[in-house]
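Q: So the chains spell out like this:
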Amino acid sequence: MSKLGIVLNGIGKENPALRLVLGTCPTLAVTTLAMNGLGMGLSATFVLICSGMTVSALRKVIPDKVRLPAYITIIATFVTVLMMLVKAYLPSLNNSLGVYLPLIVVNCIILGRAEMFASKNGIVDSALDGLGMGLGFTLTLVLMGSVRELLGSGSIFGINLRLPVEPMIMFITPAGGFLVFGLLMALVVWIEEKNGQRIERKVGCEGCPSAGICNGKECDKG
Amino acid sequence: MIAAKLAAIFFSMILVNNYVLVKFLGICAFLGVSKNLDSAVGMSAAVTAVMAIATAVTWPIQQLLNAADLGYLQTIIFILVIAVLVQLLEMFLKKFVPKLYVSLGIYLPLITTNCAVLGVTILNIEEGYTYLESIVCAVGAGVGFLLAMFLFCYVRQRVEAAHPPKCFEGLPITLVAAAIVALSFSGFGGIIENLFGV
Chain G
7 MSKLGIVLNG IGKENPALRL VLGTCPTLAV TTLAMNGLGM GLSATFVLIC SGMTVSALRK
67 VIPDKVRLPA YITIIATFVT VLMMLVKAYL PSLNNSLGVY LPLIVVNCII LGRAEMFASK
127 NGIVDSALDG LGMGLGFTLT LVLMGSVREL LGSGSIFGIN LRLPVEPMIM FITPAGGFLV
187 FGLLMALVVW IEEKNGQRIE RKVGCEGCPS AGICNGKECD KG
Chain F
5 MIAAKLAAIF FSMILVNNYV LVKFLGICAF LGVSKNLDSA VGMSAAVTAV MAIATAVTWP
65 IQQLLNAADL GYLQTIIFIL VIAVLVQLLE MFLKKFVPKL YVSLGIYLPL ITTNCAVLGV
125 TILNIEEGYT YLESIVCAVG AGVGFLLAMF LFCYVRQRVE AAHPPKCFEG LPITLVAAAI
185 VALSFSGFGG IIENLFGV
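Which chain is which? The protein sequence lines are G and F, in order. Sequential numbering of the first sequence, starting at 7, is according to our numbering. Sequential numbering of the second sequence, starting at 5, is according to our numbering.
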């Protein structure tokens, strides 16, 4: 795959939120405002790139048996760095993301890419993969955030559009998050079907890239 | 007074601040394991147990970190403690309670990266809860998780029997159904203040 191909892969073909269905929690939780979606997306991108490069650089040193704890420690380190930076320079973003900032540690996109890509590829490729995945994630979050902010608060990126209709509060409640994500995914599926390339979406263990770590034996067949 | 406060925390975690439907923690498990009732209940029970134990262990650790002025290590320490706890719990169940291991054990490894567990430990610290309040909050969060899984399991069986438009089949219609369940939970807003007067 070419270098550009690796980046584009994360934005389109393997879009983490809409096609691989990873990182659903932050996708639903922080997208009440477009700005929060952007902040969350870029934060995850930072951690993806840094942890991808580190895992890739250490891939021959880390013993196979302890790779999960090792990856988690690497990811948690970069999340801590990120938290310090955000707290110091972007305190308002820190307030609006709240607990979801430290929870980037358990975002399956990051652990999944460490396991599926960075542990098998070189440093440069891993950084590009992290960039692509991060941008794909950011794009989805900003899209979700824009739709919810527009319908729920009548503004976009904090700019009041002074629409003649009353905003529908429901869209900035949790229910609105599920609804907009469901509709957005239906739209993507519709486009896929038009092109005859519908993929099967799996959630939970069977679709989880960490299944490789728990050896697949833990999969829920339900 | 203490009893009222604990009850208020417990019920608000179940109804008003439900982790799955309101705070969006543990969505992967919610969408992935809610297809049949047995696995939904098994997963919820395992999550509840790990949440309670993890809170019981991480709360004192946070006091130590605070005393040593190492508060910034919270994220790293907590996730590693949870990973170790899950492993220990799995080994313990396998050795001493094999019956329980058969029904719960298969869900345990998935729980390390379940954001609800790390979420509850961090949120308890941020809320400034006492030790007892934290544990009640963790158990409440677990019971709320169980309730959401239990309800959604039945909703999902109905949804799968119906025939939505082709592009909604599978995950999209499941998310829309989850939106309706979440909407019904928003009706509980304000109930805790009225019930317990806190």
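Fair warning: there could be bad hints in the mix.
Derived pair list, reagent style DSS-like, types lysine-lysine, alpha-carbon separation capped at 30 Å [what the hints assert, rightly or not]:
1) F/Lys39 to G/Lys200
2) F/Lys103 to F/Lys39
3) F/Lys39 to G/Lys19
4) G/Lys71 to F/Lys103
5) F/Lys170 to G/Lys200
6) F/Lys170 to G/Lys19
7) F/Lys98 to G/Lys71
8) G/Lys71 to F/Lys170
Rough simulated footprint, nothing fancy, chain F against chain G, three-plus residues with beta-carbon under 8 Å [stated by the list, open to error]:
9) 77-88
10) 115-124
For the record, the hints were derived by calculation from the structure and aren't laboratory data. Every residue gets a Cβ at the ideal spot worked out from N, C-alpha and C, and that includes glycine.
Q: Would you mind marking each hint as holding or not holding in the structure?
A: Cross-check of the supplied hints:
no., hint, result
1, F/Lys39 to G/Lys200, "29 Å, holds"
2, F/Lys103 to F/Lys39, "23 Å, holds"
3, F/Lys39 to G/Lys19, "27 Å, holds"
4, G/Lys71 to F/Lys103, "27 Å, holds"
5, F/Lys170 to G/Lys200, "11 Å, holds"
6, F/Lys170 to G/Lys19, "21 Å, holds"
7, F/Lys98 to G/Lys71, "20 Å, holds"
8, G/Lys71 to F/Lys170, "43 Å, violated"
9, 77-88, "holds (count 6)"
10, 115-124, "violated (count 1)"
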